[in-house]
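**Q** Residues in the sequence shown are numbered consecutively from 1, following UniProt numbering.
The reader is advised that the hints may include incorrect statements.
[Said to hold, decoys possible] Result set (DSS-like, lysine-lysine): computed pairs, CA atoms no more than 27 Å apart in a straight line: (1) Lys-84 <-> Lys-128; (2) Lys-128 <-> Lys-148; (3) Lys-148 <-> Lys-84.
[What the hints assert, rightly or not] Just the calculated beta-carbon pair ranges, DEER-fashion: (4) Val-44 <-> Val-113: 25 to 33 Å; (5) Ile-40 <-> Asn-97: 13 to 21 Å; (6) Gln-27 <-> Gly-143: 29 to 37 Å.
The hints are simulated quantities; they were obtained by calculation from the structure and are not laboratory data.
C-beta atoms are modelled at their ideal positions from N, C-alpha and C, and glycine is treated no differently.
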Amino acid sequence: MAADGGRRSLLNTYVYPTPQVTIADTQIVFEVPAPVSSSIGLNVDLTIRGVSAGTTGHGLLNFVGPRIESVSSPPTSGGLITIKGRNFGPAGSASLNQARIDSLLCSGHTVSVAGSEITCTVGPGTGKNLNAFIRINTETDAGTGTGKFSYAPPSVSQIVPMNQLPGENITIKGNSWRAAEPPVSEASIIALCVGVFVVFVFAIFWKRIMVTCVKVCCGGAPEEDIRMDVVGYQQAGAPYNYNQAAGGYYQTSGRVAPGHPLLGGAPAPAGPEQLRLESAEAVAARK
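Please put together the full structure from these sequences, using the hints given.
**A** Structural data, given as structure tokens:
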């Protein structure tokens, strides 16, 4: 590379600006091309007014590849994520060859902030401590994205109403419950009413799920916990607390031994597993 005026071609047919001597005798600043093969131990050939530096610059240039520092967490339905780090190159997608989470490609990838941020879109999924991977030109992140990606765990933010009668519908609101369509089955998304509660899923739409929490037997505390589970990916942190309706309502499910106090001494219901809902007043009236 020459430093004595004009423009010089450094690689193939791409012409780079003239090198600039920024500190007399000791420092030159110039633009270099993106690496096309090895990035370690590259040679710098310097010629000033016909005098070459020879091999003194050989093996001194290393290209530092992209490095991932953090990755944002999308909901389990997927969405736009931001990968932050350094050495990501200029804004745009020309140099960014690939972005993925483990084996899943992250679509629409682009360098959104020159040098430091990449955005792309991931599909639905679950899990934490997954691996993020990027490749810019021929350079990869060198494993710096290992374990740095996680989907946001499911969460519960509100239950409406908080004092619904047992056996009636309640609306559970929250986040990260996968996509709205098609309607998912109870096996895919379920609200776990901890303790003596079971759940039936009626309908699901974005950030909301209609469920019935049915107390199956035998009294219990006036407050029960509700926790979300999405395809085995369970809610993090403390469960959401749900207050039962006042007034002492009872339910029984399936066959109950004759004379059970919740049936007021009546025979057990016949047939397959069935739900029976009675109020405390109804039980007392039959006694």
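**Q** Please go over all the hints and tell whether each is borne out by the structure.
**A** Tested hints:
{"no.": "1", "hint": "Lys-84 <-> Lys-128", "result": "holds (18 Å)"}
{"no.": "2", "hint": "Lys-128 <-> Lys-148", "result": "holds (8 Å)"}
{"no.": "3", "hint": "Lys-148 <-> Lys-84", "result": "holds (11 Å)"}
{"no.": "4", "hint": "Val-44 <-> Val-113: 25 to 33 Å", "result": "holds (30 Å)"}
{"no.": "5", "hint": "Ile-40 <-> Asn-97: 13 to 21 Å", "result": "holds (20 Å)"}
{"no.": "6", "hint": "Gln-27 <-> Gly-143: 29 to 37 Å", "result": "holds (34 Å)"}
Violated hints for the displayed structure: none, as all numbered hints are satisfied.
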